[in-house]
Amino acid sequence: MSAHATAAHPPLYAGGLRSWLTTVDHKRIGVLYGVSALFYFVVGGVEALIIRLQLASPTADVVGADTFNQLFTMHGTTMVFLVLMPLSAALFNYMIPLMIGARDVAFPRLNAFSFWTFFFGSVLLNLSFFVGDPPDAGWFGYANLTSKQYNPGMGIDFWLLSVQIMGIASIASAVNFTVTILNMRAPGMSLMRVPLFVWMALVVQVLMLLAFPPITVAFIFLMFDRFFGTHFYIPSAGGTPILWQHLFWIFGHPEVYILILPSFGVVSEVLPTFARKPLFGAPFMIFSGILIGFLGFGVWSHHMFTTGLGAVADTAFSLATMLIAIPTGVKIFNWIATLWGGHIRFRTPLYFAVGMVGLFIIGGLSGIMHASPPVDIQQHDSYFVVAHLHYVFFGGTVFGLFAGIYYWWPKVTGRMIGEGLGKLHFWLMVVGMNLTFFPMHFLGLDGMPRRIYTYATDLGWERWNMIATVGAFLIAVSVLVFFVNAARSLASKTQAPADPWDAATLEWTVSSPPPEYNFAVVPTVNSARPFWLHKYGPTRDISTRTKAQGTPAQPDNPPTRIDLPSPSSWPILAALGLALLGGGALVGLWMVLFGAAVLVFCVYRWAFQPLERTGHPTFGPAPSGGSS
Amino acid sequence: MDAHATTFGVPSRKMAMWVFIASECMFFGSLIATYLSYEGKSLVGPTPREILNIPLTSVSTFVLLMSSLAMVLALEAVQTGNRRGARMWLGAVVVLGGLFLAGQVYEFREFYHEGLTLQQNLFGATFFVLTGFHGAHVTVGVIWMVTLLVMSLRGQLGPERSLDVEVAGLYWHFVDVVWIVIFTVVYLIQ
Amino acid sequence: MAEHPTHETAHAGAHASKGTYWLIALVLGILTLLEVAVFYVPLLHSVIVPILLVLSSAKFALVAMFFMHLKFDKPILTTLFAGGLVVATAIILSMMLLFGTIGPGAHM
Amino acid sequence: MLVSIRLQTAEAVSRERSTLSKTLLAALLLPIAGCAAVESPDWRTLRPVSDFGVLVLDVYGDLFWWTAGIFVVVELLLIYALVRYRSRSGDSEVPDQVHGFTALEIGWTLLPAAILFFIAIPTVRTIFLLQGAPPDRDPLEITVIGHQWWWEFRYPELGIVTANELHVPVGRTASLTLTSADVIHSFWVPQIGGKRDLNPGSENRLWFTPTEPGVYHGQCAELCGTSHANMRMRLFVDDSASFAQWSAAMRATAAPDSAGVMTFLISGCAACHTIAGTPAQGKVGPDLTSVGSRTTLASSMIPNTPEMMAAWLRSPDSVKPGALMPDLNLDEQRIADLVEFLEGLR
Ligand code: HEA
Ligand code: HEA
Ligand code: CUA
Ligand SMILES: [Cu+2]
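Chains as they are written, first to last, in this note's numbering: chain A, -1 to 626; chain B, 173 to 362; chain C, 7 to 114; chain D, 3 to 348.
In short, the hints are calculated from the structure, not lab data. Any given hint could be a false lead.
So the derived label-pair ranges between C-beta atoms look like this [to be verified]:
#, chain 1, residue 1, chain 2, residue 2, range
1, C, G109, B, L271, 57 to 67 angstroms
2, A, V121, D, D319, 45 to 55 angstroms
3, D, M264, A, G586, 50 to 60 angstroms
4, A, G586, C, T95, 46 to 56 angstroms
Result set (DSSO-like, lysine-lysine): computed pairs, CA atoms no more than 30 angstroms apart in a straight line [what the hints assert, rightly or not]:
#, chain 1, residue 1, chain 2, residue 2
5, A, K421, B, K213
6, D, K285, A, K421
7, A, K421, A, K491
8, B, K213, D, K285
9, C, K77, C, K24
10, C, K80, C, K24
A virtual CB, placed ideally from N, CA and C, is assigned to each residue, including glycine.
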C-alpha cells in the first residue's frame, strides 16, 4: 500500500535546500529541529568528553582553568537549550498534529519562525567560540560574576543574547502548540481522549509560556547592568546578586520539568504499545502531569538552600519540593502497572522506555535528598548534584527521547531501524551512563565540588574520576552506534509499514512517512485509543461504551482537494532580522537598527501574504504556483 | 482545511492572543516583583515620593482608559460594517495612545532633569525598566493601530476582517490593564 | 485554517452593547478619580493599600470582562488568562515576602 | 493487509527471547555492587568532626535508608513485571485491557505521602536547629571574607587577621560571619558539615563545634571565576593548648627585621599587603603579618617552603591561574631577600 502511496503524491522530503528553508510543514520543521538537536548533542558531548579528560586525573593538563569554565558553561547551556529542548520540539512538531488528527499546527509560519529563531540563536551562542570568548559563568550564570567588573569580555553577552533569542523562539512555539493542542483536535477527540504524549506536551507549553518571561526579565536586567551601567545585581549600589538567583530559578526549576515531561509522555505511549495494554490510570497520569507542572512553580528556592534565605523559607521550599515526589511516584507506579499483566514485546523503543523508568528513579530519589536542606547543604554544588542532574537529564530525558526516536523512526523516515544495533546502543548507553554518573555520587559525598578544573592529588578523588571518564567514552561509542544504525536504516530500501508496532493512536493510521497533508480524511475519534478500537473492536476495550468501531487507517487518496499553507520566506527572514537585532548588540547600534528594520519589514510582508496556496492540488505533478 | 472548525469554537488567533497575554502576565509580573522587592532599598535619592508626579500620571492613566473605550467602539464599528466609525475610533486609539506616550516621554525627561536616571539608584533602574517596557508595548500597539487604520482607510477592513481588530484590541486592552496595576502599585502605593 | 479570518459563529453575540461600553468607561473614570482622591486624603493613609488594591482590581476586572469580552466569551479563554495571572501574582507575593517588602520584618 | 502486519509483528515477538530483564537486573545492581565494593565508605561528608556535621549526617542517614528502600522495592517491581509479563513464543493473544484501578492508584498516592512525612520531620527539625542560635553561649566569633581566590579570616576578639588557614579550638563553638569582597563564594569544609554562601553586600552565619583535632580540607563551592578550583583552605582544629599558643604567637608578632621591611616596601608589595607594625597596610591581598607560620601558601595550593614561596613571587599566575597578584618582575636577588624576610614572619 505504501509503495502505491509514494507514487500518488510527491515524496514528503523531496525538494532542494530552498524548500527546506521556506517550509512551513510541521513534519519538515520537526525534522529540522531533530537534526539540529542531534548535531548539538555531539557538540555538547564532545565538550563533555574534554571535561572528562581533564578530570580523569589530578595532574591532567588538557585544558586550562579558563577554558574549562567555558567548557562546562557551554556544555550545560548546549545540552539544555540546544539539545533537549529542540529534541522535544522535534517530537512535538512532528507528532502532535498527527496524534490529534490535524493537518498542521495552528500557525504554520509562526512555527517556521520559531525554528529559525532558535537556530540563529544557537548559532550566535556558538559563534562565541570563533571570537575566542565563550561564556564562562556556568549554565545558570550567577550574578555578580557576570557583571562587567568581573567578566569584562563578550562571552556573557553572547550567552545572554542568544539564550534570550532562543527564549523568544520558545515562547512563540509555546503559543502555537498550546493553541494547536487545545483548538485543532479532530472531531470527537475530547481532552480526556488526547494521547498522554500530547497532554504532557501541553503542560510543557504552558510551563514554557510562564517560565520564560521571568528569565527574559532577568536577562534584561543583566543586559542593562552590562550595557547601560544599571545596578540591578551590583551590591555596592544596593542591588543584590540574589535577585538573579530568584529570577533564574523561577525559570530554572520549571525548565527542568519542561525537559522531563516530554520524556514522560513518550514513555506513556511506548509502554502501552509494547505491553499491548492501555495506559494504566490515564486520568491519574494526566492530572499528575499537570500537578508536577503546577508545583514546579513553587519550589525554585531549593536551588538556594545555601544562599541564606532563613529557616522559614528553607522549610517552605523544602516541603513544597518533597510534594513533587507524590505525582511523580504516581507516574512510576502507573507505568509499572501498565506493564503488569501485559504481553510485553521487547523491541528497542521498549528498552529505552524501561531504561528511562529505571534510571529516572535514581535521579528522582537523589532529588529527594536535595530537597532536605540539612542534607543539601552538604551536597549542593558538589558532584552529588552533578550526579542527580545527569540521572534525570540523561537517564530520564535522553533515554525517554531515544525511546521516542526509535518508536517514531519508521513513521518519520519510512524505514525500519535495526533492532540489533538498537539494543547494542541501549546496553552500551546504560552501562556507560551508570559508569559515568554513579561514581559522581561518591565524589560528591567525598567533598568534591563541581566546576573545578583540577583537584589536589592527596584527596583520593582520582579513582572514581577515572572510572567516570571511561564511562563517558563508552557513552560516546553508544552514540556512534546509534548514528551507524540510523545511517544504515536511511540507506535501506525496505518500506516501513504504516503501523509497525500495532499501536493505538492516530499517527499510525497514516502511511510512513505521512503524506504532506497528513490525513486524507479528517478522522473522527471516539476513544482514547481510536486505532486500537478499530483493529480489535470494542469488546477488548472496556473504556469505550459506544458501539462505534474506532478510527480506521487512512485511505491512500484524499477524496477532495486539500489546501495547504504555502511555503514562505518571510519567517526565516524575520528570524534572521531578530537574530541580527539581538546579536547586533555585540557589534553596534547600526546593526541593531538594521536587524529591527529587517524584522519589521518581514513581519509586514508575512502578515499580508496569503496563507494558503489557493487550489494547490496535492496530486499529480508537484505544485508550481506557490507564492513567495 | 478551511472548513476545519476549531475545537473550542474560538478562532485560533484569538486564543493565541490570550495565551500570549498569559505569558505577558509573567513578564510584567516579574518586573513588578522586582520593583517591589527593591522598593526602599535605594542607597541614594531621588525617592518615588520626591519625584512621582501624580496629577500628570492620573491624566495619562485616564487617557489610556479612554483609548480602551475607543478600541471597543472601533471593533464594534468594524463588526457592523460601519466604516466611518471604524476610522474615527481607530484614529482615536492612535491619538490617545500617542498622547499617553507623549506623557511618558515628558515624564522621563523631567525625571532625568531632576537627577533620576537608570544608573542613579535602584528606584531609577526598576522604575524606568518597568514603565519603559510598558511604554514599548504601547508603542507596538500604536504601530499596530496605525496599520489597521491604514487598512481601514484603504477599505480593506470590512466586517470579514473584524478578527484582526479584535485580536489587536485584546492586546491593547491588556496593555491598558497592566497600566492599571502599575499606576496603583508604583504611583499610588509608595 | 486558523490564521484565516473567519467570521463564523465565533463572536456572534460575544459582546455587550455600545451603551454598556460607555457606561463601563464612565465607571473606570470614576474609579480612577477615587483612587487619586484616596491618595490625597491624609485620613485614609493607614488603609490606603487595601482600598487601592480593591479599586484597581475592580478596574482590572471591568476591562477584562467587558472590553476584552471575557464575560461573554468561551470560558477556556478566561482559564488561560487566569492561569498566567494566578502564577504571576503568587510569584510577586513570594518575592515580596522573600525580600522583606511585606511580612515579618517588613520596613514599609 | 492489516491482519498480515499484525501477524508479522506477533511472529517477531515469538522469535524474540529477550535477555533484557536479566541483564537489566545486573545493570541496576551495578551501583549497589559499586557501593559495596568500597568497604564501609569513608567519604568526608560521612565522617563529620563537628556537632553540626553530625546533625546533618543524621538526616542524611534517614533519607538514605528511606530512598534506598524505595529504590530497591520499585526497581524490583519493575523487573518482576518485565520478567513475568514478557511475551512468550507463539503468543498472539491480546492481554486483558485493564484501564486502571482507582483504589490502587489512591493507595500509591498516599503511600509516598506517608513516607514523605517521615522524611519531612527530621528535615524541618534540623533546619531550625542548624539555623538557630549556636549551642555555646560564648562562641568564638570569626569573620570570613571571601576574595577571588583566597580566604580572609578575622578574629575580632583576639585581634587576629589571617588568611587561608583557619584555626579553631576543639570543643568550643565557632560562630562564623560570612561575607564576600567581590563575587559569591561558598564556605565548605566537608567534614565540618554543610556549606554556606559568602554573598557580597550581606552577611550569613554558620556555627559549628569541632569535636576532633586535626587538619581538614576545605574548598570554595560556588563558581567564582578562573581559579575557583584553587580556592582551597585548611581548617586546623587545635586542642585548647595549641590554640592558645597559636593565637598568642599570632598576636605577639616580633618587630620585623627592618631591612626586610624596606625591601618589601620598595618592591611595591605594600600596595596590597598588610604587615602589622610596618607601613605596609594594603588591603587587596592576604595579611602577611604571620605568613611564615602558615603551612601552605596561596589558599592551600602549595606548601610553604622557601622554594615554593620563590616560585610564587616569580610568577603567581603560573602557580594559580588568574591570580590577582601581579608578576612584579622581581630579580632573583630580590626574590631571595623577600623569601627570607617573609619566611621569618611568624
Ligand atoms: C529533568 C530534570 C530534573 C528533574 C525531573 C528533577 C527532579 C527533581 N529534582 Fe532536580 N535538578 C535538576 C534537574 C531535575 N531535577 C538539575 C539540572 C539540577 C541542578 C541544576 C544545577 O545546579 O546546575 C537539579 C537540582 C536539584 C536541587 C538543588 C540541588 C542543589 O543544587 O543543591 C534539588 C533540591 O531540592 C532538586 C530536587 C529535585 C526533586 C525533589 C525532584 C523530583 O521531581 C523528583 C521526583 C521523583 C522521585 C522522588 C522518584 C520517583 C518517585 C517514587 C518512586 C515515589 C516514592 C518516592 C518517595 C516517597 C520519595 N534538584
Ligand atoms: C542536559 C543534558 C545533559 C547531558 C545529556 C549531559 C551529558 C554529559 N555530561 Fe553533563 N551537564 C549538564 C547537562 C547534561 N550533560 C549540565 C546542565 C551541567 C552543569 C553545567 C554547569 O555546571 O554549568 C553538566 C555538567 C557536567 C559535568 C560537570 C562539570 C563541572 O562541574 O565541572 C560533567 C563532568 O563530568 C559532565 C559530563 C557529562 C558527560 C560525560 C555527558 C555524556 O553523557 C555526553 C555523551 C555524549 C557524547 C559523548 C556525544 C557523542 C559523541 C560522538 C558520537 C562523537 C564522538 C567523537 C569523538 C570522541 C571525537 N556534565
Ligand atoms: Cu570562591 Cu569559588
Ligand atoms: Cu529544581
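Status of the hints after comparison with the structure:
no. : hint                                  : verdict
1   : G109(C) / L271(B): 57 to 67 angstroms : 39 angstroms, violated
2   : V121(A) / D319(D): 45 to 55 angstroms : 34 angstroms, violated
3   : M264(D) / G586(A): 50 to 60 angstroms : 52 angstroms, holds
4   : G586(A) / T95(C): 46 to 56 angstroms  : 40 angstroms, violated
5   : K421(A) / K213(B)                     : 59 angstroms, violated
6   : K285(D) / K421(A)                     : 62 angstroms, violated
7   : K421(A) / K491(A)                     : 22 angstroms, holds
8   : K213(B) / K285(D)                     : 28 angstroms, holds
9   : K77(C) / K24(C)                       : 15 angstroms, holds
10  : K80(C) / K24(C)                       : 21 angstroms, holds
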